[in-house]
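Engineer: Spelled out, the chains give:
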Amino acid sequence: MTRVLGWLAALGLLAGVAAGFGYAPREAIQGNVQRIMYLHVPSVLTAYLAFGLVLLGSIAYLATRRPGWDRLAASAAEIGVLFTAITIVSGSIWGKPTWGTWWTWDARLTSTAILLLVYVGYLMLRGLVDDAEARGRYAAVVGILGAVNIPIVHFSVKWWRALHQPSTILGPGPSPIDPAIGLALLVNWIAFTLLFAYFLARRIEIARLEET
Amino acid sequence: MPANWSYVLAAYGLAAVALFGYWRHLARRARALTARPGAAVSHRTPNRTTS
Amino acid sequence: MTYVRRAWIVFQKDLLIERRSKEQTNALLFFCLVLLFLFQFALGPDRDRLAAALPGLLWLGFILAGLLALGRSFLAERENDCWEGLRLTPGDKSAIYLGKLAGNCVLMAAVELVLVVLFGVFYNVDLWTPAAPLALVLALGTLGLASVGTLFAAMTTQARARELLFPVLLLPVQVPVLLATVSATQALLLGQPLADVAHWLKLLAGADCVYVTIGILTFEFVLEA
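Chains as they are written, first to last, in the working numbering: chain A, 1 to 212; chain B, 1 to 51; chain C, 1 to 225.
Check before you lean on any hint, since a few could be wrong.
Here are the computed distance ranges between Cβ atoms for each label pair [said to hold, decoys possible]:
hint, chain 1, residue 1, chain 2, residue 2, range
1, C, Glu224, B, Thr34, 32 to 38 Å
2, A, Asp130, C, Ala131, 44 to 50 Å
3, A, Lys96, C, Asp81, 36 to 42 Å
4, C, Arg5, B, Arg24, 56 to 62 Å
5, C, Gly44, A, Lys96, 15 to 21 Å
6, A, Lys96, C, Ala135, 43 to 49 Å
Which residues of chain A face chain B? A partial, calculated answer using Cβ under 7 Å [stated by the list, open to error]:
hint, residue
7, Gly31
8, Asn32
9, Ile36
10, Arg65
11, Leu82
12, Ile88
13, Val89
14, Pro97
15, Ile206
I should point out that these hints are in silico values taken from the structure, not numbers from a laboratory. Where a beta carbon is used, it is the ideal one built from N, C-alpha and C, also for glycine.
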């Protein structure tokens, strides 16, 4: 089952790259740099999916104490951090030719960076607590708090940005008008979701094996 | 607007390295665990889930 | 024994310990003084630059002092083998959380008062005129910091590298509180009315509700075994 998922993911990624580079047109304003979006946006969506699963696993673990839920939460967190890092790096590389700078404290990048910090902390906590049962409980609490905090972070950063820098900079955003771009985005998103599912399945399996 | 292909390649390249690296990491860990159960120890403090 | 009474007892116990030994309060007070000098030296003699950075410095001071104070919330119980006693307390464990939280808030309030006075005097900034709205911002921000801090402190007392893990866990979660309080403080110090920062206050109040609720709901899971 996992192997099928893996092959599907590989196919999906190939289709995604083809769609992003071959099928989708060159964007009018930003040029070819905009194609990074086909990597950046699916990454962040996948990260949010991952952290949603961390929340689910955390709550379920505290409620049922079944280790399977803890494995789900831990695995999803690890992969979520990976995709968040990819999101930030690709966003930064996108920003350099577009905004002229590698980093800017715009609302989205800042919120995503905070997200990364929260879940890296989650992983650190897991690494530093020796007792397996306590680890699951503590991680679950942090996982729940981290997820619930996301909308709070979103609004605080958004208002903070509005306060400090009225947007005179044209931020890179998806062009909703062109359906070809939309389709390429969709294909890549599906591919990334498949890849995430594949990684998750393998990671959970490893966790299960470690348990025995 | 210049072609900026180097940026696109850099972004995709780094992502590919990260994803491929993680896939290899998972594969290696799985192999170690199935070859000698219970004896798989990584070189640094592992991010164990439950054990 | 009622829930409130149990929380009150925990609160009283911490206050009593502190009143008798004074070790923590004295050290924190001195730490505030050290921070004062640190910020002055870090930012240089330019008076205006310091005044402009003041809201941020004030909250940095609170956070740094808070990391020290909150991180030690459960140290007394750990060091004196009272952790088991906490765990075996009958009834809803969240009463302990609220008691600890109340104690931490009082401690933080004392620290903040000292810092505000020190900043006002040494950096020559008028903190008296906006005192009332500023106190509100301080109260909301402190509750946000202490609510999560108390919860994480209980967790990290059990972990390795706890002095490192505690800030790493707490600070990212506290970013919204920091953004809100600094923005609101800055507006207030510039003389703007409270109504202008209403959205920040609402965010803080909302966040505080969320954090305290989660603290109450999850504390028993932290206190187990």
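Engineer: Confirm or reject each hint.
Structural biologist: Evaluation of the provided hints:
no.	hint	verdict
1	C/Glu224 x B/Thr34: 32 to 38 Å	holds (33 Å)
2	A/Asp130 x C/Ala131: 44 to 50 Å	holds (48 Å)
3	A/Lys96 x C/Asp81: 36 to 42 Å	violated (56 Å)
4	C/Arg5 x B/Arg24: 56 to 62 Å	holds (58 Å)
5	C/Gly44 x A/Lys96: 15 to 21 Å	violated (32 Å)
6	A/Lys96 x C/Ala135: 43 to 49 Å	holds (45 Å)
7	Gly31	holds (4 Å)
8	Asn32	holds (6 Å)
9	Ile36	holds (5 Å)
10	Arg65	violated (11 Å)
11	Leu82	holds (6 Å)
12	Ile88	violated (11 Å)
13	Val89	holds (6 Å)
14	Pro97	holds (5 Å)
15	Ile206	holds (5 Å)
Hint violations for this structure: numbers 3, 5, 10, 12, all remaining hints satisfied.
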